Amino acid sequence: MNIKGSTNIVGLIGHPVEHSFSPPMHNAAFEALGMDYAYVAFDVNPNDLKSAIEGAKSLNIKGFNVTIPHKIEVMKYLNELDEVASLIGAVNTIDFKNMKGYNTDGIGAIKAIEEVTGVKGKNVVVAGAGGASRAISFYLAKYDAESITILNRNVDRAQNLASDVSDSNLIGDVKSDSISEINTYLNDADILVDTTPLGMDPHIDDEPIARASDMHEDLVVFDAVYNPNETVLIKEAIKAGAKPVYGIKMLLYQGAESFRIWTGVDAPIDVMEKALRETLNL
Numbered sequence: 001m002n003i004k005g006s007t008n009i010v011g012l013i014g015h016p017v018e019h020s021f022s023p024p025m026h027n028a029a030f031e032a033l034g035m036d037y038a039y040v041a042f043d044v045n046p047n048d049l050k051s052a053i054e055g056a057k058s059l060n061i062k063g064f065n066v067t068i069p070h071k072i073e074v075m076k077y078l079n080e081l082d083e084v085a086s087l088i089g090a091v092n093t094i095d096f097k098n099m100k101g102y103n104t105d106g107i108g109a110i111k112a113i114e115e116v117t118g119v120k121g122k123n124v125v126v127a128g129a130g131g132a133s134r135a136i137s138f139y140l141a142k143y144d145a146e147s148i149t150i151l152n153r154n155v156d157r158a159q160n161l162a163s164d165v166s167d168s169n170l171i172g173d174v175k176s177d178s179i180s181e182i183n184t185y186l187n188d189a190d191i192l193v194d195t196t197p198l199g200m201d202p203h204i205d206d207e208p209i210a211r212a213s214d215m216h217e218d219l220v221v222f223d224a225v226y227n228p229n230e231t232v233l234i235k236e237a238i239k240a241g242a243k244p245v246y247g248i249k250m251l252l253y254q255g256a257e258s259f260r261i262w263t264g265v266d267a268p269i270d271v272m273e274k275a276l277r278e279t280l281n282l
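Counting from 1, one number per residue, gives the positions in the sequence shown under my numbering.
No lab work stands behind these hints, which were simulated from the structure alone.
If you're wondering where the values come from, they're calculated on a predicted model, not measured in any experiment.
Fair warning: there could be bad hints in the mix.
[To be verified] DSSO-like cross-link-like pairs, simulated, lysine-lysine; straight-line CA separation at most 27 angstroms: (1) Lys111 x Lys239; (2) Lys111 x Lys97; (3) Lys175 x Lys111; (4) Lys122 x Lys100; (5) Lys111 x Lys100; (6) Lys97 x Lys4; (7) Lys120 x Lys76; (8) Lys4 x Lys274; (9) Lys50 x Lys120; (10) Lys100 x Lys57; (11) Lys76 x Lys142; (12) Lys97 x Lys76; (13) Lys76 x Lys50; (14) Lys175 x Lys76; (15) Lys4 x Lys111; (16) Lys57 x Lys4; (17) Lys97 x Lys62; (18) Lys50 x Lys100; (19) Lys76 x Lys122; (20) Lys50 x Lys62; (21) Lys243 x Lys142; (22) Lys120 x Lys97; (23) Lys100 x Lys142; (24) Lys111 x Lys50; (25) Lys62 x Lys76; (26) Lys120 x Lys57.
I would like the entire structure built from these sequences, with the hints used as guidance.
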């Protein structure tokens, strides 16, 4: 990478950030397209978030990805929010041109699923009710899913998220229940989305949220966990003859959407995926 006085800087803010896979993915894309950009990760203590945003603006930084723990707090320092980011109540991408915040996590999941099937008109079961579930559920609604059922161990959290998605008027049919009732819903489901951390390294032998015997062959099973690539849930999906969608694809497509927001250029998906796989030793 040849960094010059003219080089445009984009990056990631979070705490911690040293294990991020984003720098190699984005820098490979910039290099492939011959773009004068560099992507850098910045570890920002929560107490320094305001000064980090102000400083980045003064330094003419072009854009940031935002990760834990700043996704909600950072909204205070922006001029504008994308419509869905506003509904989600969290930002993971900032464009400094207009100090506008976006959330590309949900679109990342949608694009990953769309490699296998469309979302429009589908019945979707979403496991988990945290930040990833929230982002994905609003995008499922935006992309015209027929119904969404949100399942969580804490049923109150599932109910609250279901109410928020329903109140957005993007979709009419949103239900909630305990994750222990998942078998009740999978027969009629077209897509299962798992946003829980179950099976994430080092806990790769966790009990999955569903077994092969609960799944049918037409089910599309997406697991947001990307380390390991083949989670316990994905293994069960393959065993059932269902269609697996890997978490690495969400990471890839949310990054590609950020790339497009900052540069106005479509990201080289194949280059970014190759860099991501190399970084993850896949």
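Comparing the hints with the structure gives:
1. For a cut-off of 27 angstroms, the pair hint linking Lys111 to Lys239 stands: about 24 angstroms separates their Cα positions.
2. Between Lys111 and Lys97 the alpha-carbon distance is near 25 angstroms, which keeps this suggested pair within the 27 angstroms criterion.
3. A C-alpha spacing of about 23 angstroms is found between Lys175 and Lys111, which places the hinted pair at or below 27 angstroms, so the restraint holds.
4. Pair hint Lys122 plus Lys100 does not hold up; C-alpha atoms about 31 angstroms apart against a cutoff of 27 angstroms.
5. For the suggested pair Lys111 and Lys100, the alpha carbons sit about 22 angstroms apart, so the restraint of at most 27 angstroms is met.
6. Between Lys97 and Lys4, the direct Cα distance comes to roughly 21 angstroms. Compliance with the 27 angstroms bound is thereby established for this hinted pair.
7. With a C-alpha separation of about 33 angstroms, the suggested pairing of Lys120 with Lys76 is violated against the 27 angstroms cut-off.
8. Distance restraint check for Lys4 and Lys274: the Cα-Cα separation of roughly 26 angstroms lies within the 27 angstroms cut-off, and the hinted pair is therefore satisfied.
9. With a C-alpha separation of about 39 angstroms, the suggested pair Lys50 and Lys120 falls outside the 27 angstroms cut-off, and the hint is violated.
10. A threshold of 27 angstroms between alpha carbons decides the hint, and for Lys100 with Lys57 the separation of about 12 angstroms falls inside it, so the pair holds.
11. A C-alpha spacing of about 25 angstroms is found between Lys76 and Lys142, which places the hinted pair at or below 27 angstroms, so the restraint holds.
12. Taken as a hint, the Lys97 and Lys76 pair is honoured in the structure, with Cα atoms around 17 angstroms apart against an allowance of 27 angstroms.
13. Restraint check for Lys76 and Lys50: satisfied, since their Cα atoms lie roughly 9 angstroms apart, inside the 27 angstroms limit.
14. For the hint linking Lys175 to Lys76, the alpha-carbon distance of about 31 angstroms lies beyond 27 angstroms, and the restraint is violated.
15. For the hint linking Lys4 to Lys111, the alpha-carbon distance of about 34 angstroms lies beyond 27 angstroms, and the restraint is violated.
16. Distance check on the hinted pair: Lys57 and Lys4 sit about 19 angstroms apart at the alpha-carbon level, within 27 angstroms; holds.
17. At most 27 angstroms may separate the alpha-carbon atoms for a hinted pair to count; Lys97 and Lys62 meet this at roughly 7 angstroms.
18. For the suggested pair Lys50 and Lys100, the alpha carbons sit about 15 angstroms apart, so the restraint of at most 27 angstroms is met.
19. Among the hinted pairs, Lys76 with Lys122 is inconsistent with the structure: their alpha-carbon atoms are about 35 angstroms apart, more than 27 angstroms.
20. The hinted pair formed by Lys50 and Lys62 meets the criterion: a straight-line CA distance of about 17 angstroms does not exceed 27 angstroms.
21. Our distance criterion of 27 angstroms between C-alpha atoms is met by Lys243 and Lys142, whose separation comes to about 23 angstroms.
22. A C-alpha spacing of about 33 angstroms is found between Lys120 and Lys97, which places the hinted pair above 27 angstroms, so the restraint is violated.
23. Proposed proximity of Lys100 and Lys142 is supported: the alpha carbons are some 20 angstroms apart, at most 27 angstroms.
24. With a C-alpha separation of about 32 angstroms, the suggested pair Lys111 and Lys50 falls outside the 27 angstroms cut-off, and the hint is violated.
25. A C-alpha spacing of about 19 angstroms is found between Lys62 and Lys76, which places the hinted pair at or below 27 angstroms, so the restraint holds.
26. Simply put, Lys120 and Lys57 have alpha-carbon atoms about 39 angstroms apart, too far for the 27 angstroms limit, and the pair is violated.
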